[in-house]
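Participant: Construct all of the structure, not just a fragment, from the sequences and the given hints.
From first to last, the protein sequence lines stand for chains H and C. Terminal number for the first sequence in my numbering: 129, no gaps in between. Terminal number for the second sequence in my numbering: 1003, no gaps in between.
Which residues of chain H face chain C? A few of them, derived with a C-beta cut under 10 Å, are:
#	residue
1	LEU22
2	LEU23
3	GLN25
4	GLN52
5	TYR54
6	GLN56
7	GLU60
8	GLY61
9	LEU64
10	THR67
11	TYR115
12	LEU117
13	PHE119
14	GLY120
15	LYS121
Calculated Cβ distances over 10 Å to all of chain H for the following chain C residues:
#	residue
16	PHE896
17	GLU903
18	LYS904
19	LEU910
20	ASP913
21	ILE915
22	GLY917
23	GLU941
24	LYS943
25	GLU957
26	GLY961
27	TYR963
28	PRO970
The calculated DMTMM-like cross-link candidates involving lysine to aspartate or glutamate, where the alpha carbons are at most 20 Å apart (straight line), are:
#	chain 1	residue 1	chain 2	residue 2
29	H	LYS121	C	GLU974
30	H	LYS89	C	GLU931
31	C	LYS930	H	GLU60
32	H	LYS78	H	GLU36
33	C	LYS930	H	GLU24
34	C	LYS933	H	GLU60
35	C	LYS933	H	GLU24
36	H	LYS121	C	GLU931
37	C	LYS930	H	GLU57
38	H	LYS75	H	ASP90
39	C	LYS933	H	GLU57
40	C	LYS904	C	GLU972
Bear in mind the hints are in silico, worked out from the structure with no lab data behind them. Ideal Cβ placement from N, Cα and C applies to all residues, glycine included.
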Amino acid sequence: TQLLEQSPQFLSIQEGENLTVYCNSSSVFSSLQWYRQEPGEGPVLLVTVVTGGEVKKLKRLTFQFGDARKDSSLHITAAQPGDTGLYLCAAGGSNYKLTFGKGTLLTVNP
Amino acid sequence: EAGVTQFPSHSVIEKGQTVTLRCDPISGHDNLYWYRRVMGKEIKFLLHFVKESKQDESGMPNNRFLAERTGGTYSTLKVQPAELEDSGVYFCASSQVPGPYGYTFGSGTRLTVV
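Facilitator: Set out below in structure tokens:
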């Protein structure tokens, strides 16, 4: 069973700061997804990366998939209070199941 | 388009009782998944339907859990009899194509067994 380790578990920053959260595993993934979840809601897909070394940008969010497809990072530039939430990474293997990390709870203070 | 709908949003039941959770996927999505998050743990896969057929139920904890998908539309997840350790948030997701892409999750059902 592949295990995804997310770090940090908790992150509290001020509006305007930059941050990076990480998702690591000892296993190789065929795909890696990042989700954002708000209280009382389900996870919302932000991005899917499938190619080692791939970088995707979504406005102020930059997602990177490691060359060996074992790790990923999410970088947020100039964080805003609206970015507050639980950020989850999820790995897809050779089937349709997703394996989730426990998440990084981000709080952006005004 | 309407999203994935789950109900109830919350359920509190006593140990030994039965509870049925329902999920209405996005119309036209053949693939339907159930996941669960128990407190302090990560979200874990329970099972996968393709239309009305169970493709994979390897994540189902035990035989107290029964999932069905009538006519390939909505799905139900029944827990009978419920135990304390069944407490958690149960998520349903659907997708148009198979594979770990493009899931749309519902808001979840928070189940508390007391």
